[in-house]
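Chemist: Listed here are the chains, written in short residue letters.
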Amino acid sequence: MNKAVINSIFLPLFFLLVVFPVIALVINLDVQGIQATMADAFFWISVRNTVIAAALAALLGLVVAIGFSYYYLFYQDSIIYRIANLFNDLPIALPHTVAGLALLLAFGRKTCGFLGETGAAFTLLAVVLAMFFVSYSLAARTLVSGVDQMEKEVVDVARTLGDNTAQAYFRVVLPMMGEAIFSGFILGFSRSVSEFAAVIMFGGNLPGSTQVLASYVFTKVEVGDLDMAVTAAVFCVLLSLVIVSVLSFRRVRHA
Amino acid sequence: MLKVQGISKSYNRERVLENVSLEVSPEIKALIGLNGSGKSTLLKIIAGIVPLDQGKVWLGDEEVTRQPPEKRNVGYVPQNPALFQHLTVDENIRYGLRNGRGTENVVQEMVELMDLKEVLHKKPSELSGGYKSRTCLARALVPRPRVMLLDEPLNGMDAALKEKMLPEFRKVLKASGIPVLFVTHDVREAELVADSFAVIHDGQVHAVGGAEEAFHKMCTGSLGGE
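If you're matching them up, the sequences are chains P and B in order.
At position 130 of the first sequence the residue is numbered 129 (numbering that gives the first Met the number 0), and the sequence of numbers has no breaks.
At position 35 of the second sequence the residue is numbered 34 (numbering that gives the first Met the number 0), and the sequence of numbers has no breaks.
In case anyone wonders, no lab produced these hints; they're calculated from the structure.
Using N, Cα and C, we set each Cβ at its ideal position, and we do this for glycine too.
Among the hints, a few may not be true.
As the list claims (entries may be wrong) - Here's a subset of chain B near chain P, in silico, CB distances under 10 Å, partners left out:
#1 68
#2 76
#3 77
#4 79
#5 95
#6 138
#7 139
#8 141
#9 144
#10 150
Claimed, not checked - As a list, the in silico SDA-like pairs of lysine to any residue whose alpha-carbon atoms are at most 25 Å apart:
#11 151(P) <-> 85(B)
#12 121(B) <-> 175(P)
#13 121(B) <-> 166(P)
#14 151(P) <-> 93(B)
#15 55(B) <-> 203(B)
#16 151(P) <-> 184(B)
#17 163(B) <-> 130(B)
#18 151(P) <-> 34(B)
#19 151(P) <-> 130(B)
#20 151(P) <-> 100(B)
#21 151(P) <-> 12(B)
#22 163(B) <-> 117(B)
#23 151(P) <-> 123(B)
#24 151(P) <-> 13(B)
#25 151(P) <-> 7(B)
#26 55(B) <-> 39(B)
#27 70(B) <-> 73(P)
With the rest of the complex left out, here is chain P:
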C-alpha cells in the first residue's frame, strides 16, 4: 500500500461524493431563481430565524456544556455525571424525528398549555429548543476535550489557594478554555443551522413564522420551485462555509 493507492481510492470518492454535490448546486444556480429568492420576504425571515435560533441554541448549549464539563472535571463518579454522560450520546444515535416528537410531547399543549394553544410547539422557542437538543452534545464534547488538554495542576493549585471546586472552575478553568468555549459555540451553531427533522417536527414549517433555511429549501422543492430552492441551498452552503472558516481561522491562529 502506498500513497498512489490511497489517492486512487480517496480522491475519486471524495470529489464524487463530497465536492460534486456542492458543485451541482452551484452550477444549477439560475438568475431568475436568485432574483425571485432575494425578493422573497419569507426567505429573509427564514434566514433571520435560522441565525437567531441557532445562536440562541448554541448559547444555551454552551451554558449546559459548561455545567457538564464541571461534573466531568470534578465529579466523574457521581450519578449526575453518569446520567448526563449517557444522555449526551443520545442525540447522535437518535433519529431527529424522534427528538422532535419527544420535544413535542414534553413541551406541547399538554404540559405547556399556558404558553398558548399549542404550548411551546410551533413557535420560535420550539425551533431553538429543537436545535439545542441536537447540537448541545457537540458543545459538551468540545468543552470536555478542552478540559482534557488543560494542565490539571492549575486546578490543584487554585484549590490549595482557597478555591472550592466551583470557584476554581469559573476563575481558572473556564478563562483558560477560551478556545474550547469558542469552538463549542461555533460547532453548536453550525449543527443548529443544519438541523431539519427535529425543527420541523417541533417547530413546524410556517413561512414567515417558524420556517428556517433548511425547511425553506424543503418547501421550495416540495412545491416544485427548484430555482429558488437551489438559491437558498447555495446560500446555506455559503453560510456554512463562513462558519467553518471562522473555526479553521481560530484553530490556525492558536496552533
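Since the structure of chain P is provided, determine the placement of chain B on it from the hints.
Modeler: Only chain B this time, still in chain P's reference frame:
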C-alpha cells in the same frame, strides 16, 4: 508542624504508599525517591488533592485528613509551574488574596524577595523558566500556608540554572519559617535545599542522615529493616 501517620494508598490495587509516617518541623525536609516511588502522591495526599486509603494527616494540632484542599491552607508548588495563563504575574501572586489568604504586605515582600518587580505585568507565556518557578513559589507563599509542599519545582530546568535558583529558594523558604516538604529524585538538588532528608522506596519512607546516605540507600535499595 506537619505530621502524617500510617498513610497507605493504592491505585488499581497496586500499592503506592504503605503505612507511611513522617514529621516535618519548621525546617526544609527533602524526600528523595526515584520516579514512580510515590513521593508526588504523598504530597498530593497531604495537600488534600488525592484521597488516601488509610492514615491521618495533621497540620499543627489540627487533623485535616478529611478536609478538602481549600480548607487546609497548604502551599503547593507542582512539577510544572501551573501558572494561571490568563492572569499576569501580579494577579497570579495575588490569587490567594481573593480568598482572604495573605496580605498586601506579604505580596510586596514576595515580589522583593523573588525579584519579580520587572515582570509583574507580564503573562506567564512571556516568562523564562526561572521567572515562572519564582512566580509559582511566591504565589504559594503569599497566603502564609501552614506547610509548603514542593514537588520537584525546578523540573525540566537545566542544571546550571538549578544550581543558581535552589539557594535562592532555600533563602526564601527559610525566611518564611514555614515547614517545607521538598520532594525530588535528585540528591544534589536535595543537598542544595534541605536541612534534613528522607528516602521513599517501595512505598515506605525512611529517615536518613544526609544526602550522601540517601544516594547510597537509593542505589543499593538497602532500606528495609534498618
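Chemist: Of all the hints given earlier, name the ones this structure violates by number, lowest first.
Modeler: none
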